[in-house]
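*Asks:* Sequences listed follow chains A and B, in order. For what it's worth, our numbering labels the leading residue of the first sequence as 631, then goes sequentially. For what it's worth, our numbering labels the leading residue of the second sequence as 124, then goes sequentially.
Bear in mind the hints are in silico, worked out from the structure with no lab data behind them. As the structure is a prediction and not an experimental result, all values here were calculated from the model. Mixed in with the good hints there might be a few duds.
Derived, one-sided and incomplete: chain B residues facing chain A with beta-carbon distance under 8 Å [stated by the list, open to error]:
1) 161
2) 168
3) 169
4) 171
5) 180
6) 182
7) 264
8) 267
9) 269
10) 271
11) 383
12) 387
13) 389
14) 393
15) 421
16) 422
Calculated cross-link-like contacts (lysine-lysine; reagent style DSSO-like; alpha-carbon spacing at most 27 Å) [said to hold, decoys possible]:
17) A:702 x A:762
18) A:732 x B:440
19) A:731 x B:154
20) B:440 x A:762
21) B:157 x A:731
22) B:154 x A:732
23) A:732 x B:198
24) B:154 x B:254
Okay, the calculated bits of chain A under chain B, using three or more residues with CB under 8 Å as the criterion [stated by the list, open to error]:
25) 636-647
26) 655-669
27) 682-695
28) 727-735
29) 747-761
30) 885-899
Using N, Cα and C, we set each Cβ at its ideal position, and we do this for glycine too.
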Amino acid sequence: MKKLRFGSFAFDAGNYAALALLAVLMIFPFWNVLVSSITAPHLVLEGAIRLWPEQLTFVAFTTIFNTPNFVKVFQNTVFITVIGTFISMLLSVLLAYPLSKKRLAGANAMAFAVFFTMMFSGGIIPSYLLVKSLGMMNTLWSLMIPNAINAFNIMILISFFRTLPEELEDSGRIDGCNDFGILFRIMVPISMPIIATLTLFYAVAQWNMFFQAVMYISNPNNYTLQVLLRQLLIVLTSDAVAASLSEDVPRIGVTVKLAMIVVSTVPILLVYPFLQKHFAKGMMLGSVKG
Amino acid sequence: MTDKDVQRIAPNLRTVPGAGSSAQLQLRLAKVWKFRWLYLFMLPGLVYFFIFKYVPLWGLIMAFKNYQPYQGLMKSEWVGFAHFERLFGMADFWMLFRNTIILGLYNLLVFFPITILLALLLNEARREMFKRFVQTLIYVPHFLSWVVIVGISYVLLTTEGGIINELLKALGMEQVEFLTSTTAFRPLIVLQMIWKDAGWGTIIFLAALAGVNLHLYEAAKIDGANRLQQLWHITLPSIRSVIVILFILRLGSFLDLGFEQIFLMLNAVNREVGEVFDTYVYRVGLQQGQFSYSTAVGLFKSVVGLILVLIANKVAKWFGEEGIY
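Excised from the complex, chain A in its bound form:
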């Protein structure tokens, strides 16, 4: 019995150490970017590992915000995230609720039609030509409408709605609600955990959207942060970035890159704790049933 207890202790110690190490490894690159973005550029170029900022400066951030195109790009990204998420959520709830009713004629067939799109799709080119023929090229709509509904999220919603007791609907009817009232006054409020979770999924997908933006948008006025970020981080060298800026700070190119990462991640990361209360519960429900 004693041996067992010691073994168990060693197991725990090893486990906690491994987990702590992993967590640090996973968060460190991002932390390093965050800290370096507010450190003096010449220090960053030395390439040392840094845990805290040195010679604190926000010059990289002011430079970014003074770049003519940046504010427009930031607005575009916020726009497609807020409006796009709203459209996605509305359409998803409206579609999934009826599909969850087994008594509804045709519901099963239609649910299968939705499910099927997860397994087989037309692919890149037909989708591209479709968006083109709908006249959506180079508009922000092309970043919100063609991918408005995620079939997997519909499946999660359907299975969640099926777990709700039917008496809820009956009680709504007795109180004089029609289906519209039942859905939005009863079903949606009690489904908040799953709705918050899916809202988070949609919002993150919209904010981080890159492929569609590269395919459909060529006018710099309609760029999103991800497209701008790619040019800055991957296509251009630090010196080229610095040369494109009017600011005259030595070696600023490298911290501008880092600050750009921060500006394009922190807003969406802020949504996470805000929704986390519901989210932990919603994710459990969604994954167990889905």
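Dock chain B against the given chain A, drawing on the hints supplied.
*Replies:* Only chain B this time, still in chain A's reference frame:
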């Protein structure tokens, strides 16, 4: 049948009771009328799926035509399987095939087991606070975009002052051009996948693990099983179904490697190990304008993918699991 049709027909039918052979139809229509709101709710979503998911399926016929944008899809000439013959006859086909399969295997055999392992470790961490804290940290990278993940990798790995190369220099080793290396490409892709999504991937396993009956562990302890034995004989078997289902799903999307990630990591030097079907379709189709040929490549990929799902699902059923449909 749309809601409007129902509105038009159903009330009339109700005023003509028992119209002989149409009695059943009448009953059905009355039922549809009763649920008219629900059908109305569905309408926008169904229209969405029709236009954006099913119309592109119709567009697939251009894989068998020589699509000319000015002629339109219908008038373009049929060419049968010519595009497929070109694909299979091409030397690059085997490169694409090999790259896709190898990256898929990395994903299935390295990334997937690591998420399971991570979930098991987290499940064994009994201190709630610690567990919650670690979870919060390892979920964060999931919320970063691929542009950010690849961008940070560039910042860390570049030879112009990236931390990793500075470290190598400090240790007296030679600097490595990770970003243009053909040998580093695949390991880098997998490392990025692990960094971004391994933590997130644990959620579904942890949810399944939360349902394990704790009495089983009590019983095992009485039988003298140590922690590792408990893990092996109780914890793992209890999430077997989830593992099988996720394995099927992953196998089904075996060819759908993250387009964005690979696209962002590709450059002229590593193309020979990194180009996969999706990036090839993008390059040849959208950048070079060979719409029909690239659609054929995409269709080939989709069909193989579908076959893989069907096979995986069958196999799962043989093993007595539920499968995904």
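*Asks:* If a hint holds in the structure, say so; if it does not, say that too.
*Replies:* Hint-by-hint comparison with the structure:
1. 161: holds, 4 Å
2. 168: Holds, about 3 Å.
3. 169: holds, 7 Å
4. 171: With a closest approach of 6 Å, the residue 171 of chain B hint holds.
5. 180: holds, 5 Å
6. 182: Interface hint status for residue 182 of chain B: holds (3 Å vs cutoff 8 Å).
7. 264: OK, holds: residue 264 of chain B within 8 Å of chain A, min 6 Å.
8. 267: Hint on residue 267 of chain B: holds, closest Cβ of chain A at ~6 Å, below 8 Å.
9. 269: holds, 6 Å
10. 271: holds, 6 Å
11. 383: At about 5 Å, which falls below the 8 Å cut-off, the nearest Cβ of chain A leaves the hint on residue 383 of chain B intact, so it holds.
12. 387: Holds. Min distance 6 Å.
13. 389: Status violated, d = 10 Å.
14. 393: violated, 13 Å
15. 421: With Cβ-Cβ at 3 Å, under 8 Å, it holds.
16. 422: holds, 7 Å
17. A:702 x A:762: holds, 24 Å
18. A:732 x B:440: Roughly 25 Å between the alpha carbons, so the hint for residue 732 of chain A and residue 440 of chain B holds.
19. A:731 x B:154: Judged against 27 Å, a Cα distance of about 13 Å means the pair holds.
20. B:440 x A:762: violated, 42 Å
21. B:157 x A:731: holds, 13 Å
22. B:154 x A:732: holds, 13 Å
23. A:732 x B:198: violated, 43 Å
24. B:154 x B:254: At roughly 51 Å apart (the allowed maximum being 27 Å), residue 254 of chain B and residue 154 of chain B break the hint.
25. 636-647: holds (count 6)
26. 655-669: holds (count 6)
27. 682-695: The restraint on the region 682-695 of chain A is violated, since only 0 of its residues have a Cβ under 8 Å from chain B and three are required.
28. 727-735: Satisfied; 6 residues make the cut.
29. 747-761: holds (count 13)
30. 885-899: Satisfied; 7 residues make the cut.
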